[in-house]
Amino acid sequence: MFKDPFDPKALLGRRCGCGGDHAAADHDRLTATTVPAAEEQRWTRVVDAAVLRAVFPVDAQRRLFLKKVGAATAMAAISSVFPLSAAREAFAQGGAPEKKDLKVGFIPITCATPIIMAHPMGFYSKQGLNVEVVKTAGWAVIRDKSLAKEYDASHMLSPMPLAISLGIGSNPVPWTMPAIENINGQAITLAVKHKDKRDPKDWKGFRFAVPFDFSMHNYLLRYYVAEHGLDPDKDIQIRSVPPPEMVANLRADNIDGFLGPDPFNQRAVFDGVGFIHLLTKELWDGHPCCAFTVSKEFATQNPNAYRALLKAIIDATAYASKQENRKEIAKAIAPANYLNQPETVLEQILTGTYADGLGAVKKDPNRIDFDPFPWNQFAIWIMTQMKRWGQLKADIDYAKVASEVYLATDTANMMKEMGLTPPDPSKKTIVVMGKAFDPAKPNEYVESFAIKRS
Amino acid sequence: MTALKNSLGLRAALLSLLIFAAIVGLWQIAAQPPAASGPAVDPEYAKRVGAAAATGSKSAMPTPADIGVTIWKHLTDPFYVRGTNDKGIGIQLAYSLGRVLLGFGLAALAAVPLGFLIGMSPLVYRALDPFIQILKPVSPLAWMPLALYTIKDSAISSIFVIFICSVWPMLINTAFGVASVRREWLNVARTLEVGPFRTAFKVILPAAAPTIMTGMRISIGIAWLVIVAAEMLVGGTGIGYFVWNEWNNLSIANIVTAILLIGVVGLLLDQGLAWLTKLVTYPE
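Chains as they are written, first to last, in our numbering: chain A, 1 to 454; chain B, 1001 to 1284.
Calculated from the structure, these hints are not laboratory results.
Don't be surprised by glycine CBs; every beta carbon is placed ideally from N, CA and C.
A hint or two may mislead.
Unchecked claim - Cβ pair distances, simulated, as ranges:
(1) Leu1026(B) to Arg453(A): 47 to 55 Å
(2) Ile1023(B) to Ala252(A): 21 to 29 Å
(3) Leu1146(B) to Asp202(A): 56 to 64 Å
(4) Ala1051(B) to Asp285(A): 31 to 39 Å
(5) Gly1105(B) to Ala96(A): 38 to 46 Å
(6) Arg198(A) to Leu1267(B): 33 to 41 Å
(7) Asn304(A) to Gly1105(B): 41 to 49 Å
(8) Asp101(A) to Tyr1080(B): 21 to 29 Å
(9) Gly1090(B) to Gly359(A): 37 to 45 Å
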């Protein structure tokens, strides 16, 4: 984060161990700084700080000036000679994008909330972009349309950019994931007739649906049943079914349950077809799910458009992460043009006060949350599961692939530029069903499981 | 005689109406929401789920009356545009028709000349036969992943799928029609020293035209069947996408509306080609 240039007493010239431009003693305070709540205010502060630094590049002079006249007067004096408001606007828009008319593909699920809401709520247009969000029928189709460059950017499952880059299930194409969309927000839904079979040990012979082979849903469901002693390839059947078709299949008794994205868990409850067995946050609180992805080619050929797009997404994600905005978002994304769902279903998912399908109303405000930061540790965990279940045959350098696909540095820089506080990229603890994961030892982690394919 | 015919037509129409009324009536009765049977639930819970789920049952089929309302809503406002992913049913039908006609037209351009060649040359017929026999029974949708992968454009891919499904009946019928032109007519042409091109256009084409048109009629029927499935797979626009989008929302009333409209358009396409076939038919 920026040190506060408005504070004449701030300590100078001492760099913190985290590499940030602040004193070590200030690290905790600064990284935990309360960012001004209102969006506009945040931009204003970042721009004003930059201008102030430009006018008084020498720290000592700036402090002297500020000490004499005070911060407010200083800015007023500067704005009389410098068009501050124009600068703020220009900053909010960034450099002129190379390409303004962009197509972004999405699958109609709540995971894509930031990508979708950025359209009706104007986050794209604020960055000077004319984005068309295009609903797509399934993950294989969104992958092929992205590879065919029909989409400039797209909503994918967080394991997909890794799989595409590694060439698993498609030709290898360098793909990048600059932002995660949502964390948590998935659930295991079972058909109502199984309401007395809450112990996974009773699930032998069950048929489950997951959205895609390369999905957190697949890995989490496999992990969950394996921890309960069932082999996911032998004792149960797991099928890839596009999310929108899950409820219809559950209703038709074609499957016994699914680990799927919302709104379809809540939709199954709404239609009296299924009940929510558990939320995936009970397995791993804070797990990633869906992602905002672009090809490496697009990012390097259109750096400004890429930055503007990423800004819009980070901005929308930050907005979506605030509980108080969730009802408004539910309303914005419910129409047929976006998710095409009853508003009450979306509201229950986003606010976390929901009917569980068994007659109770439950409350969990973190049922779904939004956090754009693409932790490399997530990527490494995902690849260990690809390895565990035999999707990934070759030995790879986990950390290298992770840092090439999950662009944590880009996101951190962008967040700083926007006046947000990026987290420390090395500090992420992953605990899945009580078992800690050490990203430095991926091979040992894979070996530690009793049920595995490799 | 005409009186009898009229009365037969009249009686058939009456019977049709009766069948229709019986189906709708039975449906209306069957789809009545069951009386609240389950235990009374917490009102906080009830307001978060659908009406059926609140009484412990699954949401029911819509009644014919619900569907009538939905159809009326679509027919009175068929051309609205509320964003990329939400367009009126008229626009969706137009997209699908456009794709079908384009794919079908391209297939006709390829199949008729090739069919001519196959029909006229036993050598080419035998050489191409194994390919045709293997490719013909492949479901056109099986081509979709391959098309998306190689063509790299979803719009062209769906047109390709229409092309590939409508090419076979036309090809086979053209070849058959050309091969079975009566020998006498060809011999007469040869005696009169008519050139090969003139023979093709003045003798063979008119003689084979009814068979070719029958092939086209089969093709357009298949193409219209396939477009719905192809659009459900690829999404974006078209009546198939409309069905898929409403399936997302489990909106059976909208899906039934689409089914009826797909049927009506299919009927019109078929009747159009039947009329064209009549134009080229000749008495033996």
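Evaluation of the provided hints:
1. Leu1026(B) to Arg453(A): 47 to 55 Å: The hint (47 to 55 Å, Cβ to Cβ) holds, given that leucine 1026(B) and arginine 453(A) are roughly 52 Å apart.
2. Ile1023(B) to Ala252(A): 21 to 29 Å: The hinted range 21 to 29 Å holds for isoleucine 1023(B) and alanine 252(A), with Cβ atoms some 22 Å apart.
3. Leu1146(B) to Asp202(A): 56 to 64 Å: violated, 42 Å
4. Ala1051(B) to Asp285(A): 31 to 39 Å: holds, 34 Å
5. Gly1105(B) to Ala96(A): 38 to 46 Å: holds, 43 Å
6. Arg198(A) to Leu1267(B): 33 to 41 Å: Violated: the Cβ-Cβ distance is about 52 Å, outside 33 to 41 Å.
7. Asn304(A) to Gly1105(B): 41 to 49 Å: Distance hint for asparagine 304(A), glycine 1105(B) holds at roughly 43 Å.
8. Asp101(A) to Tyr1080(B): 21 to 29 Å: holds, 23 Å
9. Gly1090(B) to Gly359(A): 37 to 45 Å: holds, 44 Å
Taken one by one, the earlier hints fail for this structure at numbers 3, 6, listed in ascending order.
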